[in-house]
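This is what each chain is made of:
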Amino acid sequence: MSTRTILFKIYRYDPDKDRAPYMQELPVEVEAQDRKLLDVLVRIKALDDSLAFRRSCREGVCGSDAMNINGKNGLACLTDVASLGNVVTLRPLPGLPVIRDLIVDMTQFFKQYHSIKPYVVSNSPPPERERLQTPDEREELNGLYECILCACCSTSCPSFWWNPDKFVGPAGLLAAYRFLADTRDDATNERLDNLNDPYRLFRCHTIMNCVDVCPKHLNPTKAIGKIKEMMLARAV
Amino acid sequence: MVKRLTVGAHYGFRDWLGQRLTATVMALYTVFFLVKVLLLPAYDNAAWRTLFAGGFMKFATFLFFMALFYHAWVGVRDIWMDYVKPVGVRLFLHSVTFFVLVGYAGWVAQILWRL
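Quick mapping for you: the protein sequence lines, in order, are chains A and B. Using our numbering, you'd call the opening residue of the first sequence number 6 and step up by one each time. Using our numbering, you'd call the opening residue of the second sequence number 2 and step up by one each time.
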């Protein structure tokens, strides 16, 4: 692979120094070993150590390096440099307050996640070993439990931009269905009651931005549909 | 940080289901109405009046408008809820929307049963 130069346009904002956010333009020589966007970001960090971004596992498991890449949310560590053009615009995830550069404040996102009680609630006494499920019951959780909470989905959702304090958002609702679908959980009614207001679940208008951006190829819209089906089954 | 419970009103599911049911009624009526119009013997005022002369047509049309107004109530109210944050202004807009739709419903009945 030959080297090429990519012009990076990076959102920069340090509230301690800058009056307003600005876009920094930076041509970067990309080399053959730069396989993923994160590799290039690490290279940029060596050129300009004032650039702030989050990263940890560098293999799409921790969900730290979610950002807006050429207008679409994604993980820098899973984005192939080869798939990018010669101009790359990087911005922080939309809709959340910026702490600095590409780092956003995820408090509101996690507040919504915690609001759906992301753990099994069981009334039965703890068994001696573990709570068992049949393979079929376990199968229901596939496509739900894999979420890494990177917030790519919720921050690409206009309903979440508008009402981040009231609408749970796709990530939280995917997790909500993950526990509704869990046969070991006894709190189904409480969970459905918790979502039955005009905002928390029903601000989803099925535009499927979440499905489009999920780096783990999960489908929050489908999970939201299943929650609505559960509500319907309960009501009629 | 505010510790207040964000879950209050429990009408999310009812309104969501209501919108789906009213949408179905409107879709069915649209097909029914188009077929009726295509089968009209002539396109003049007399034929138009005969179309709405039957009790069933009056009933179906009234049902269509009721479905439309309920659907619009949920939809327009959601827009106010998304974009208008001051409680007083929002309550005013909700009230105006509600009474305008109720007024329309009366008007529809008057027009249909006058034909």
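Calculated from the structure, these hints are not laboratory results. Possibly wrong hints are sitting among the right ones.
Said to hold, decoys possible - Pairs of lysine-lysine, DSSO-like flavour, derived with a Cα cap of 30 angstroms:
(1) Lys86(B) x Lys171(A)
(2) Lys86(B) x Lys122(A)
(3) Lys86(B) x Lys233(A)
Hint check:
1. For the hint linking Lys86(B) to Lys171(A), the alpha-carbon distance of about 13 angstroms falls within 30 angstroms, and the restraint holds.
2. Taking the CA atoms of Lys86(B) and Lys122(A), the gap is near 28 angstroms; set against the 30 angstroms cutoff, the hint holds.
3. Proximity of Lys86(B) to Lys233(A) is assessed by CA-CA distance (about 27 angstroms); at most 30 angstroms being required, the pair is judged to hold.
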